[in-house]
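Heads up: the sequence lines are chains A and B, in that order. Each residue of the first sequence is one higher than the last, beginning at 8 in our numbering. Each residue of the second sequence is one higher than the last, beginning at 4 in our numbering.
If you are wondering where the hints come from, they were derived from the structure by calculation, not from laboratory data. From a predicted model like this one, the values you see are computed outputs, not experimental measurements. Just so it is clear, CB atoms sit at the ideal spot from N, CA and C, and this is done for glycine as well.
Residues from chain B that face chain A, not an exhaustive set, calculated with beta carbons under 8 Å: (1) 87; (2) 95; (3) 103; (4) 108.
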Amino acid sequence: MSTASVPLPAWINYGLIPLLNLILAFLFSGLVVWAIGESPFEALQLLLIGALGRGEGIGFTLFYTTSFIFTGLSVAVAIHAGLFNIGSEGQAYLGGLGAALVALAMDHYVPWYVTMPFAVIGAALFGAACAAIPAWLQAKRGSHIVITTIMFNFIVSSLMNYMLVRLLIVPGKMAPETRTFLPGGQLPKLDWLIAMFGGKIGAAPLNFSFLIALIMCFLVWVLIWRTKLGYEMRTLGISPTAASYAGIRYSRIVMITMLISGGLAGMMALNPVMGASARLQIEFVGGAGFVGIAVSLMGRNHPAGIILSALLFGILYQGGAELSFDMPGITRDMIVVIQGMVILFAGALEYMLRPSIVRLYQQLTGK
Amino acid sequence: MDYFDIFISILGSAVRLSIPLLFTALAGLFSERAGIFDIGLEGKMLASAFAAACVAYWTGNAWFGLLGGIGVSIAFSFVHGFASITNRGNQIVSGVALNFVAAGLTIVLGQAWFRQGGRTGQVPPEGRFSSIVLPGADMMRDVPIIGPLYANVISGNNILTYIAFLMVPISWWVLYRTRFGLRLRAVGENPGAVDTAGISVAWMRYRSLIVAGFLCGFAGTYLSIAQSAAFINNMSAGKGYIALAALIFAKWKPVPVMLACLLFGFLDAFANFMQGKSLPLIGEVPVQIFQALPYILTCVLLAGFIGTARPPKAGGVPYTKER
Chain A
8 MSTASVPLPA WINYGLIPLL NLILAFLFSG LVVWAIGESP FEALQLLLIG
58 ALGRGEGIGF TLFYTTSFIF TGLSVAVAIH AGLFNIGSEG QAYLGGLGAA
108 LVALAMDHYV PWYVTMPFAV IGAALFGAAC AAIPAWLQAK RGSHIVITTI
158 MFNFIVSSLM NYMLVRLLIV PGKMAPETRT FLPGGQLPKL DWLIAMFGGK
208 IGAAPLNFSF LIALIMCFLV WVLIWRTKLG YEMRTLGISP TAASYAGIRY
258 SRIVMITMLI SGGLAGMMAL NPVMGASARL QIEFVGGAGF VGIAVSLMGR
308 NHPAGIILSA LLFGILYQGG AELSFDMPGI TRDMIVVIQG MVILFAGALE
358 YMLRPSIVRL YQQLTGK
Chain B
4 MDYFDIFISI LGSAVRLSIP LLFTALAGLF SERAGIFDIG LEGKMLASAF
54 AAACVAYWTG NAWFGLLGGI GVSIAFSFVH GFASITNRGN QIVSGVALNF
104 VAAGLTIVLG QAWFRQGGRT GQVPPEGRFS SIVLPGADMM RDVPIIGPLY
154 ANVISGNNIL TYIAFLMVPI SWWVLYRTRF GLRLRAVGEN PGAVDTAGIS
204 VAWMRYRSLI VAGFLCGFAG TYLSIAQSAA FINNMSAGKG YIALAALIFA
254 KWKPVPVMLA CLLFGFLDAF ANFMQGKSLP LIGEVPVQIF QALPYILTCV
304 LLAGFIGTAR PPKAGGVPYT KER
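One chain only, chain A, in its complex shape (with noise of 0.2 Å):
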């Protein structure tokens, strides 16, 4: 018999197997690190001692937290209704400029908290536009999204290149880059957060867009799992042919599913642009967008699972860059390898271990 369609219980689907595939992730990395020579025990202490041993450290990998949790919520909704929204990064990239203008055309006169709202819809809108055409092709036209949100991830890096060098660049300057926002235009830090728990943010960039990326959680879970809308994704999602048949339009799912996904990946911008450098930088979301589709399938895209592997994300990103500090033969981009690795143990080899598992737990089970 097949071991496939067995039914495990949730907490072997939900907790057993993905921790299983993450320590099978980080063994294969600290293969590499022993493999160059040092020592993948001191290095994983290194790792998280740097991400969560001081009040600024923890406010460095909960910036990067925010970032994640933003991407991957855009990768998981796209997933519901069965898309494979691969454009994050590209689609937060154009947020960034959303963000951007709204902040240079508004800070001069108002407070943030004015700013804000119109800075969070600027971003969404941008991101949602990037998304809109390879929603449309794949409504209307039957070209595959995978494709199309690929080759809109180079456009916008063209489109970008070209904005900040030649007309969003201060005159005079080298740097392909806005102006510095004024206090108007920024998003403050959350430096209560930190001293709440006894710690201090030091150069720390965590800001409101945390929270912003909190409530965002809370918004997808009710849309995906108490709206009609989150309904109608799902069935799409599971199966279009049944969709179908109840009357659910599938262009115009696909078309609202990839605006909300769009939009999720835009506002991500809000929290480099606004909250850490107050100015648009090129290549600023450094692959974020591409680590959401991680932090979405190690999450199951559920919006909690999403917090914790973002969460996750964030201490591998701020431990990797603290890490390279303290053992100079390994660099930054160890922490591109560990991604890599998690995504392939976590997302594509995800079914590898489930047929031993079954066969174990039948055999305990007695069934």
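Fit chain B to the given chain A structure using the hints.
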């Protein structure tokens, strides 16, 4: 320099820039026609470029470098196959994972072995593929029109360039005129039928991935030890994705793949040429337009405005034998 000379020099660099695209797109052709999406082309190219540079640096032999590049690229193919064929994982996720692993591993290992910020050591001349001057190139040079074309575009390339163009008819022949090719295409369209005929779908798909790994190894090798003399951080710089675009633009057919790669190579060369120059009437054209053009063209094609692109039917779907 008159316009014709400029055109010839752009054409020459277009050919050189299209070679890695051509190898990679042909690699993608084999795996996608067998029903395996290969987003990991970029990573394979990068990893094989790194391996080729390392081996060529240590042995001082370009051919060993090529073997190293091919070996690593095939190893990546096996991981992709293990995830997406044997374990029926998501092919796109697996490809994304391989791209991450390649991007990180090449820098981590490069830094550990060479300590030059992710660069490998400078490969000695005998460890590289240098350009070959075809017989009569110097004699022909003065013949109008054909002369410069022969001397600067057709002659003066390295051996991998000629292998790349040779791979086009070979790929066509393998795909359309051999039993292997017939079965490979069948596995991408209707794996159930192939299974019924008593042929292993999994093994067929593995073999297509091995071929893809083999071809991708050439692409990486070309980047690191033919076009330049060392591996540099993130050397592939998205070329794997452009090759993927070319493959789709060519509607998954070998000869159009070559033409698409030449077109995209030409756009790249033209963008380099146009940097800081201005056109009559239009004025200065931003180079970013040329960088984005391959992707825009592919999207326009996918929208169905330039004929229709019909991908292999079973692409991206893991095959499950009936239970």
